[in-house]
Every structure is written in C-alpha cells, then in structure tokens.
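Trainee: Protein chains in written order, with this note's numbering: chain V, 1 to 189; chain D, 1 to 559; chain S, 1 to 240.
Just so you know, the hints here were simulated from the structure itself, not pulled from any lab data. Just to be clear, a hint being listed does not mean it is correct.
What the hints assert, rightly or not - Derived CB-CB ranges, DEER-like:
no., chain 1, residue 1, chain 2, residue 2, range
1, S, Q5, V, S14, 33 to 43 Å
2, S, S196, D, T269, 46 to 56 Å
3, S, Q5, D, P308, 16 to 26 Å
4, V, S14, D, G317, 53 to 63 Å
5, S, S196, D, R532, 49 to 59 Å
6, D, P307, S, A106, 42 to 52 Å
7, V, R60, S, D36, 39 to 49 Å
All residues carry an ideal CB built from backbone N, CA and C; glycine is no exception.
Next come the chains, spelled out residue by residue.
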Amino acid sequence: MATNPRQSAVDPPSDDKRWRIVQAAMRRNGFRRDALIETLHAVQESFGYLDEESLRYVARSLRAPMSHVYGVSTFYHFFSLKPAGEHTCVVCTGTACYIKGAPGLLDAVGKEFHIGDGETTEDGKVSLLTARCLGSCGLAPAAVFDGQVAGKVNREAVVERLHAWQNGPAAVKASPESSPESEGSAVYA
Amino acid sequence: MREKLAEIKAIEEDAKAQYTHTVNVCTAAGCLSSGAAQVKEALGKEVERSGLERWCQVKGVGCLGLCTAGPLVEVESQSAMYGHVTVEDTPAIVGGLNTKPVERLRVPTGTPFFLRQNRIVLENSGRIDPERIEEYIAAGGYSGLVTALTEMTPAQVIDEVTASGLRGRGGGGYPTGLKWTTVAKAPGPDKYVICNADEGDPGAFMDRSVLESDPHRVIEGMILAGYAVGASQGYVYVRAEYPLAIEHLKKAISQARRMGLLGRSVAETTFGFNIDIRLGAGAFVCGEETALIASIEGKRGQPRPRPPYPAEYGLWGKPTLINNVESFANIPPIIRNGGEWYASLGTEKSKGTKVFALAGAITNTGIIEVPMGTSLQEIVYEIGGGVPGGGRCKAVQTGGPSGGCIPDAYLDNPVDYDSLRSLGSIMGSGGMIVMDDSSCMVDVAKYFMEFCMTESCGKCVPCRVGTVQMYRLLDKISTGRATLEDLALLENLCDMVQNTSLCGLGQTAPNPVVSTLRYFRDEYIAHIEEKRCPAGVCKIHSSVAQTDSPSYAVAEVAQ
Amino acid sequence: MNRGQVRIVTLKIDGKDVGARENETILEVARENGFDIPTLCHMEGLSDIGACRLCLVEVKGSNKLLTACVTTVQEGMEVTTHSPRLDSYRRMTVEMLFSERNHVCAVCVSNGHCDLQNLAVDVGLTHITVPYLYPKVSIDASHERFVLDHNRCVLCTRCVRVCDEIEGAHTWDLMGRGVKTRVITDLAEAWGDSESCTSCGKCVQVCPTGALFEKGKSVAEMTKRRTFLPYLTSMRNGDE
Ligand SMILES: Cc1cc2nc3c(=O)[nH]c(=O)nc-3n(C[C@H](O)[C@H](O)[C@H](O)COP(=O)(O)O)c2cc1C
Ligand code: SF4
Ligand code: SF4
Ligand code: SF4
Ligand code: SF4
Ligand code: FES
Ligand code: FES
Ligand code: FES
Chain V
1 MATNPRQSAV DPPSDDKRWR IVQAAMRRNG FRRDALIETL HAVQESFGYL DEESLRYVAR
61 SLRAPMSHVY GVSTFYHFFS LKPAGEHTCV VCTGTACYIK GAPGLLDAVG KEFHIGDGET
121 TEDGKVSLLT ARCLGSCGLA PAAVFDGQVA GKVNREAVVE RLHAWQNGPA AVKASPESSP
181 ESEGSAVYA
Chain D
1 MREKLAEIKA IEEDAKAQYT HTVNVCTAAG CLSSGAAQVK EALGKEVERS GLERWCQVKG
61 VGCLGLCTAG PLVEVESQSA MYGHVTVEDT PAIVGGLNTK PVERLRVPTG TPFFLRQNRI
121 VLENSGRIDP ERIEEYIAAG GYSGLVTALT EMTPAQVIDE VTASGLRGRG GGGYPTGLKW
181 TTVAKAPGPD KYVICNADEG DPGAFMDRSV LESDPHRVIE GMILAGYAVG ASQGYVYVRA
241 EYPLAIEHLK KAISQARRMG LLGRSVAETT FGFNIDIRLG AGAFVCGEET ALIASIEGKR
301 GQPRPRPPYP AEYGLWGKPT LINNVESFAN IPPIIRNGGE WYASLGTEKS KGTKVFALAG
361 AITNTGIIEV PMGTSLQEIV YEIGGGVPGG GRCKAVQTGG PSGGCIPDAY LDNPVDYDSL
421 RSLGSIMGSG GMIVMDDSSC MVDVAKYFME FCMTESCGKC VPCRVGTVQM YRLLDKISTG
481 RATLEDLALL ENLCDMVQNT SLCGLGQTAP NPVVSTLRYF RDEYIAHIEE KRCPAGVCKI
541 HSSVAQTDSP SYAVAEVAQ
Chain S
1 MNRGQVRIVT LKIDGKDVGA RENETILEVA RENGFDIPTL CHMEGLSDIG ACRLCLVEVK
61 GSNKLLTACV TTVQEGMEVT THSPRLDSYR RMTVEMLFSE RNHVCAVCVS NGHCDLQNLA
121 VDVGLTHITV PYLYPKVSID ASHERFVLDH NRCVLCTRCV RVCDEIEGAH TWDLMGRGVK
181 TRVITDLAEA WGDSESCTSC GKCVQVCPTG ALFEKGKSVA EMTKRRTFLP YLTSMRNGDE
C-alpha cells in the first residue's frame, strides 16, 4: 500500500479548474494505482465524459499502463468515452420496470427521436441511456430526466419531456415538475 | 462513552417532548421521485404560516415501506399515514393537526401490510431522521457496540453471531458466524471488512432502502465485525446509481467519526476502525466478491477462481470479510439482544427475518420485512395485497437473474433458503417480482438472459459465449423460429454453463430458463410448435426464413 | 517462497497413485505423470487465471468441477481427468470458441499448428452444432512486424500476461466486457503507434491461434517458439 504519497509529477492537460478536482481525488489516494476508478469518477463528474486526453493524463499521473486505464474505463458502464447530449434521459430497464412497460418507453423514444440506448439526437440535445434498476421499482416504470428520478412514467410523458428539451429552454422551464434543486438527483452523464 | 450516549438520548427525548406533533415525511428515493422534497418544504412553510413551529416539527425520515403510495407523510400523534400527498394537500394536513386527520388522504394502517411485518433491520426506517446520528443513538443505536467493546471479547461477539444463526443476506446464505470465525483465525495484522452494497439485481432495492433510511446501523455492524475479526479498515462498496444512499452514508460516517465511534480509538477504547466508501461504476458482476475486490483495487471487475476465498486472501491479498448490507444491519440488534433472541425467529435452518422488495404486478409495491418461513402466499396476497384489480398471480420471481419463477400453485411454500432452492429458485438478495397473466415466461427468461449476457465480464468461455448462444436460442423461440432441437440444445447449454462457468454469474445465469422450463414448458412448446405466444407478449414472425450469412472479411491480411 | 520444507502428498489421478509436492497444481502433477488435460489459457511461465475452463476435472467430494491449472493438490485427493461428462463439456467449450469469432482454417496462417485446432482434435470435435456468431471484427496490421487479427482471437489473455509479466511493457489489455471484449494495445490505438511496445515479439510467440502473427512468414514458418518462457520466469524469480 501507500508508501510516500507522492505529488503528481504530471501537469494537467490545461489550466481548466476542473482538473483540480481530479487531482484532489488522486492525491486523496496517494496517487496509487488503485485510485483509478475513483479518479475516473472524478473526471466523468467534472467533464461529463472521459476523453483521450484525460485518460492519458490519469494514466501518467497514476503511473498506470495506458491499456489498463482504457480497459477499466470500458469495463464499467458508468463511464462514457463520448460526450453526452445537452439533456439526458435514462430509462430504467430493471425487471420491475421491464414488466411494467420499459420496452414501450424505449420504443416510443426510438420511434419519435430515432435514438437508441447510448445514442444522442442529431442536434446534440438529447441522449438516451438505460440503467438496470434505479431502486425505485415501487414506482415502475421509472426514468431519470436530467438527474431527476420520475416514477410511473408513460410513453406520452417521455415523448413530451424530450420534445420540450429539443424545443429549447423556455419550454423546459414551463414544465411543472422540473425543479432545479433535486435532492435525489442522480449523476448520470 | 455509555454516559455520552445516554446523555444524547435524553436530550433527544426532551427535544421531541417539546413538540405536540411530529410530521414525518418520507424522503427516501422512492418518495423523492414523486415529489416528497417539495411536500416537505411546503409542510414546513405551512407550519410556520399557521404559527405552529413551537408545537410541530416536520422531519425527513427514511422509507416507510409502502413506496407505491408516495409521497408518504405520517403524523405520529394522530397515528395517521397519508399517501400520494401533494403540495396542495399540505394546508389540510397542518390544519388537521389540532382537530382531526384528513380522511381523504389516509392510507389504512390496520392492514396486513403493516400488521404482519416484523421489523428488525427496518426498526428505524421511517421513524428516525437518517441524517442525524443523535436519532439513531436515541433509538438505542451504538449501545451494542459500546457493550461489545467494553464487556465482550472478539470471540464472544462472534459467538453471539454464530448463536443467532444469521446467514448471509447477499444471496448465498453462508453462515455469517462461520465466515467471521474464518477471518478472525486468519493470520496477519492487516485485515479488511467490506460491506457489499452493490445491489445489482435489477428489481431489488432493499439495501438501498436500508442505507438511505438507517445508515448508522450498517456502520455499527461493520465496526462490530472489525472488532470481532481484528480488522481496522472497512470499505463500503456502493453502486454509483444510488446517489442518495451514498450521501447519507457519507454523512453518517463523518458523524460517527466526530462522535468518536470511528477512528483511531473507537468509543474511547484501544480498538481503532475506519470506514471509506468506494463507488461502483455500473457492473453487476462486481457484486461477486472477488470481482468487487478487484474493483476496489482499481481494476476491471473480473472474478477469479476460489479458493483461495477472500477470508484468507482478499483485498490486497489480506484476509477480508465481505458481507451484505442487510447482514451487517442485523448485527447491532443481535449484539444488543443476544444471538438466542434472534435465533428464536424464523425457521430451523433460516433464522431471523428477511427484507423483501415487492414489485411488479402487486398492489403494495414497496419494502417489507417478515420472519423467515412466512409463506409466499401470505407475502403476495395478504401483505402485498395481491394483483391489482384482483387478477391472478401467475408466478413470483425471486433471486433476480440468478433465481427462478415460482408458479402460483407453489406459493404455499415458506420462504427460506432451502425451500426456495428446492423449488428451483433462490432467496437471492430479496427482490420479489410478481407476474400476472400478462407476462410471458419465455420473454421473462429471455429478459434475464439478455441481462446476464450484457453483464458477463467476458473472462470465461462458457459464460461469455454461452450466454449469447442461449440468448439467441431464446430469441429464436420467442419469435417462433425455433425447433424442438433448438430447445434441446438450449437445455444442453444450460447444463454446461451452470457447471463450467467460473463465477456465480455464469453458474446461475441459466436458472431463469431452467425454472421456467420446469413449470411453464407448455409456453415454450406453444412458441415452438404452434408459433403462438400464449400471453400475447412475443412478436411472432410469420415468415420464418432466416439464414445466417457470414459477414466477415478474411481478406485484407496485409502484406 | 516455500523454500526448504515442501511436504510431499499422495493423491490419485484417474485411479493411479501419484506423489506430488504440496504446492503443485493438479495440472502440473497430472502432466508430470503423463496424464493429459486440455488447456488453453494456461501457459507455463505465466500466471494462471482459470478462464478457459477446459482443464476442469472432477475431484471426489467436491460437488463442483475444479480447474486443474489453479487448484493445488491435497493429500488423498481423487482426481478424474476424463469422463463422459467432462469430455462433453470440453467439446462444447471448444465449440463455443469456434462459434465466437471467425475461424476459417483454410486461409489462416496458423493452419496446422494452431492450439485451437489441436484442441478440437483432442476433444473429438467433429462438427459445430451451435450457430456461428459472425462478429464483424477488424485486423490491425499497423505494426511493422506483427499483425493482430481479431477474427482468430480466443481472449485467452496470454499476450496480455506475457507482455506484462515477462516483458514488463503492459502494452496489451482487454477492453469492453462480455462477448464484446477485445484485446487492445495502449489506448485501443493502432499497434504500430504504440509507445509502450518494444517489438519483442513475445506476445506473438505465446498466442495460441492465428490472432497474432509475424508479417511475411508463410504458414509453414509460423510455428511458434515458446520454450523461452519457463526459462525467463525462473531467471526472474531466481529459482534453482
Ligand atoms: C454475479 C453476482 C452478483 C452478486 N451481487 C451481490 C450484491 O449485489 N450484493 C451482495 O450483497 N451480494 C452479491 N453477491 C454475493 C456476494 O458474492 C457475496 O456472497 C456476499 O456479498 C456475501 O455476503 P453475505 O454472506 O452477507 O451474503 C453476488 C454474487 C454474484 C455471483
Ligand atoms: S461466469 Fe461470466 S461473469 Fe463470471 S467470470 Fe465467467 S464470464 Fe465473468
Ligand atoms: S486460429 Fe486456428 S482454428 Fe482459428 S482459423 Fe486459424 S487455424 Fe483455424
Ligand atoms: S511485442 Fe513485446 S512489447 Fe510489444 S506487445 Fe508484444 S509482448 Fe508486448
Ligand atoms: S491475441 Fe492471441 S494471445 Fe492474445 S488473447 Fe487473443 S488469442 Fe490469446
Ligand atoms: S427495476 Fe426500474 S427502478 Fe428497479
Ligand atoms: S421511499 Fe417513501 S415509502 Fe419507500
Ligand atoms: S487452462 Fe485451466 S482454465 Fe484455462
């Protein structure tokens, strides 16, 4: 385990302040290689996704082989190597949601917006993701709209919400349920 | 320390006695997703507006269990529980405080859902504010820990756990006392305690609920485990998909630290213990203990063959105790009340209670805790309120992707480890999904196989390729393109994958297929021979011509 | 590690009494005594991972099959290396491997000296009963001397291990998971652009199939040399 917590010998790719968060995550773990997942979480949370530059930076800082870093980043579904759309909609495809109609939700989004799991609309506005159980099975089918979990959603509601996103911020603000400070917000990116 | 806890308890009770009314608002994730935060805020404002602040407190509590009726609000003084509460309802609720409860919002609490439960793990859920350690202490929390550290040897702590008969709640049902003994006996000064909060079974949310509603109980259980096995560092490996649970856990750990219950000297003794959180990143297989360890070490979450078991060779090669959230949550009451008390509950081989997450085609979706040995019948029809609209329950799925479907006719069986196994399913972690006639069993089997296929880590051949082959066969069956030979091949593959896969994921991946074939073979046959889906779920292709054609390029092997 | 006192244990393999050092694996003891157990991910000189599942054996008293390459022997153990059940599982496992990628032996550089082909013969596989998955995968010929052909890869990770454990370069690793797992070099970049690869060629030598091969070699010349490995590891560990 940790001997001397060493300083990062590597300078961040830019002077973007968000790198400090990433550095802090590595420092907290003494720049040990086992801090890799923690560090990737920090990158994803700060930048929304993991690009090549950040992977190289993390690998050098933790003195981990590039291929190891890439292997870990692609093993876990939570990490994304592509930037997400402006808004994200996560449809739960856990068992409870599945039998209560999640496939219909995905189908509706697919038909209306021509995107599947992990895809973003051409205008870059909306990304569709799926998750296996959000723990809100009591309210199946569940979905997360920009971090806010919603229960008992139906096809119409999903389509309406996504249309509102596509049609600009004004329409989104008008939507009654979207409160900016959501306590239980999920950090899907 | 004991005095300090007593003092906190007294202060808490005094403070509570100041108020005539306590309005509990469930602010666990289920209710939050239907607007509980706004309701809580509105209630607070309404209390202020009515000038009742000195008599009435509005408190956020953990899950009350009946998540389907969320947001839930409970007024203790009036023994009234309100469901589906909206911001508009709040004036009526506050207005009714000094007169009578608002009948139109009430959720009846004299029902089997509330009466038949026996809450041990959930004793504080929905009662205390999970973000305040003082409330946990006032409810008797950490007193077991102090007793253990000051009056019991580690061996005595293990003896109590062994006497309780507690078996692991993470699915395997391995005797907890035995596991603790092995880790305690393992040589070396560095040992670890890990709490498995990866809860990957898609349709189970017990562990999430416990962590959100009563995180200190898990921490207390882990500290007790650390003392018993001789570890000084603990980790909670929790799914990143559970932000609220993570937040509550973080808060709880720092509160416990400040209170002197975690750190170099736990409760003013020479025993030191620390807990850190490690986040999962969306991989079901990381619930498997060796994969979980790899993940904490910053690697791809791929399992490795056992033995050696983590108890001898775990995190960073050191002896490691891994238990599930619910297993740890059972420890404080066992130490407080004695192992014998716990062993008096449940059945001969499955002691105590079990928390289940009810979901699917059932009226009362939510979280329940019942003694082991309760019949499935009672859980589904009485506690769960049966299928909405009085429909027929076709089957109950337990154990998630590793489990099976138990048909209606077998629901008089008790839930315990052995009886569920004999029915071709498993206890699993406690997800229970009720299916009615609108579910097709082939489709359900295909759903779980798809899950296992995408969650397979890819390390071993039988699971990596076998799950894909089985999925394709199930797809073929569900779309009416399969023959009886395909079915035979499917059964062969099930047997092979079960017996040759490296870890539990592959070894149990065929279970949903095997169990639906056991009880619902006729549905498979209907898809194959009659090209018909009895439940009307599967889309049967009318034209069946489908030839796979090679699409690879062997050509450009350069130079 | 266990220098000095290594206890000797006796066990039965396929009914025959054999003696072994207590830290040996079932596979080592079986091979020393002339029993044949099929393997694929195992490679002498590299760490064992128990991934291909071909070396599964029956051990009396254990209700689970155990992988011979990672299970150490125990006093009184009774091992069965071949049974109708084991043979059938092994056949199906090899079938799985053939169906997973695109194996067309007739046009493959490894034809005739391929571990996968040999396995098929050993387990008596005459035809494949499961459908081929036909994944669309690529070929990386960017390295000046070597080629990676995903069509033939069985994901045994021998290349990953030799490059990490022996060469110390850790150029290889795996990306993705499940059936979508692929071997990669560095950040899944072209092998030819790899900063870490020393072009030592060890990965090519240990690859059991035609997934890694040397450019410009005819089929007959593509026989792989692997004898260097045990030698290198024992040098490194300072044994003997
Ligand atoms: C594929 C797979 C997934 C698992 N997921 C979980 C999980 O999410 N939570 C859990 O507690 N145990 C899970 N387990 C079981 C653990 O490996 C381990 O047995 C358990 O955490 C031990 O704790 P217990 O003895 O308290 O049950 C899983 C096992 C397998 C094979
Ligand atoms: S059984 Fe599946 S999940 Fe487990 S090691 Fe094998 S491939 Fe990975
Ligand atoms: S790798 Fe082996 S089995 Fe595959 S095509 Fe080449 S010779 Fe045939
Ligand atoms: S040639 Fe040597 S250094 Fe390069 S990838 Fe192969 S084993 Fe590694
Ligand atoms: S490239 Fe060769 S050595 Fe590497 S994993 Fe594939 S088959 Fe094995
Ligand atoms: S299955 Fe969708 S929230 Fe659990
Ligand atoms: S989340 Fe509120 S009752 Fe369960
Ligand atoms: S050789 Fe033992 S599992 Fe591959």
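Trainee: Is 39 to 49 Å right for how far apart the beta carbons of R60(V) and D36(S) are?
Mentor: Roughly 47 Å apart at Cβ, these two residues keep to the hinted range, so it holds.
Trainee: Lying within 46 to 56 Å: is that true of the beta-carbon distance S196(S) to T269(D)?
Mentor: With Cβ atoms ~50 Å apart, the hint holds.
Trainee: Could you see if the CB distance from Q5(S) to S14(V) stays within 33 to 43 Å?
Mentor: Given about 59 Å between the Cβ atoms, the range is violated.
Trainee: Within 16 to 26 Å or not, the Cβ separation of Q5(S) and P308(D)?
Mentor: At 21 Å between Cβs, range holds.
Trainee: Taking the CB of S196(S) and the CB of R532(D), does the distance hold inside 49 to 59 Å?
Mentor: 57 Å, holds
Trainee: State, for the Cβ atoms of P307(D) and A106(S), whether the hinted interval 42 to 52 Å holds or is violated.
Mentor: 44 Å, holds
Trainee: Taking the Cβ atom of S14(V) and the Cβ atom of G317(D), is their distance within the range 53 to 63 Å?
Mentor: 38 Å, violated
Consistency note: the structure conflicts with the earlier hints numbered 1 and 4.
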